[in-house]
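Asker: Given the sequences, and given the hints that come with them, work out the whole structure.
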Amino acid sequence: MMRAAHTMAAHAASEGGSVPLPTAVSPASGLTEVELTWIEQRLEQWIRFGRVAGTRIVSRRTRVDAFRPGAVFAFVRWTSNDYGTVHSSIAVIAAAVPGAPFATHPYVRPGGDLLLRIDGWPKVQQVLAAIDAIEAAGVDPCDVAPDHWRHIGSQLAAGLPFRPYGDARHKAWLQRQALGL
1 MMRAAHTMAA
11 HAASEGGSVP
21 LPTAVSPASG
31 LTEVELTWIE
41 QRLEQWIRFG
51 RVAGTRIVSR
61 RTRVDAFRPG
71 AVFAFVRWTS
81 NDYGTVHSSI
91 AVIAAAVPGA
101 PFATHPYVRP
111 GGDLLLRIDG
121 WPKVQQVLAA
131 IDAIEAAGVD
141 PCDVAPDHWR
151 HIGSQLAAGL
161 PFRPYGDARH
171 KAWLQRQALG
181 L
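Residue numbers for the sequence shown follow the working numbering, so the first one is 1 and each next one is one higher.
Keep in mind the hints are simulated off the structure, nothing from the lab.
By construction, the Cβ of each residue, glycine as well, lies at the ideal position given by its N, Cα and C atoms.
Among the hints, a few may not be true.
As the list claims (entries may be wrong) - Computed Cβ-Cβ distance ranges for the label pairs, DEER-style:
{"hint": "1", "residue 1": "Arg60", "residue 2": "Lys171", "range": "18 to 24 Å"}
{"hint": "2", "residue 1": "Ala136", "residue 2": "Val64", "range": "29 to 35 Å"}
{"hint": "3", "residue 1": "Pro161", "residue 2": "Gln41", "range": "30 to 36 Å"}
Answerer: Structure below.
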């Protein structure tokens with residue numbers, strides 16, 4: 001089935017047609033769900049920041065946090081084995097808005113607007129430090145300009161330093177929001 005969908009999308013693209021993006025058709029609740037598992041020193045997934053709208057306990061080690069449409073959150077994943085870290089990543093995601101295009105991400109249903117995705121513990125630590133600095137400046141990371149998360153992601157991917165998020169930039173973002181820009 002996936003192969004047929006991929007072939008149809010490739011054919012549409014080659015014929016000059018546009019490939020439809022997935023749109024949010026979430027459960028009746030309209031919430032974006034993030035599955036979190038915690039197995040100490042093996043598999044640790046957590047929300048670094050975000051306004052959780054609800055939580056459902058699945059098992060002793062697994063829960064599902066839900067976010068309202070458009071809510072911004074940071075999802076951290078870390079996996080290890082007997083020899084050390086196998087995988088680490090952080091993603092800053094704006095929860096899917098019903099009817100709007102979105103990107104998929106592991107353990108996030110249906111998905112959302114992927115503002116930042118970084119792999120590798122040294123870079124993940126840099127993003128966590130940036131979040132700490134934003135909070136130290138008195139700004140809730142949920143309210144940071146989406147462009148800033150994209151800036152951090154692109155700069156880290158290029159191996160370049162990123163700008164700190166200061167009070168002036170946050171005030172400019174709030175003014176843009178007030179004007180509907």
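Asker: Check the following: the C-beta atoms of Ala136 and Val64 are separated by a distance inside 29 to 35 Å.
Answerer: holds, 30 Å
Asker: Range hint 18 to 24 Å: satisfied by the CB atoms of Arg60 and Lys171?
Answerer: Since the Cβ atoms of Arg60 and Lys171 sit about 45 Å apart, the hinted range of 18 to 24 Å is violated.
Asker: Does the Cβ distance between Pro161 and Gln41 fall inside 30 to 36 Å?
Answerer: Distance hint for Pro161, Gln41 holds at roughly 32 Å.
Violated hint for the displayed structure: number 1, the only one.
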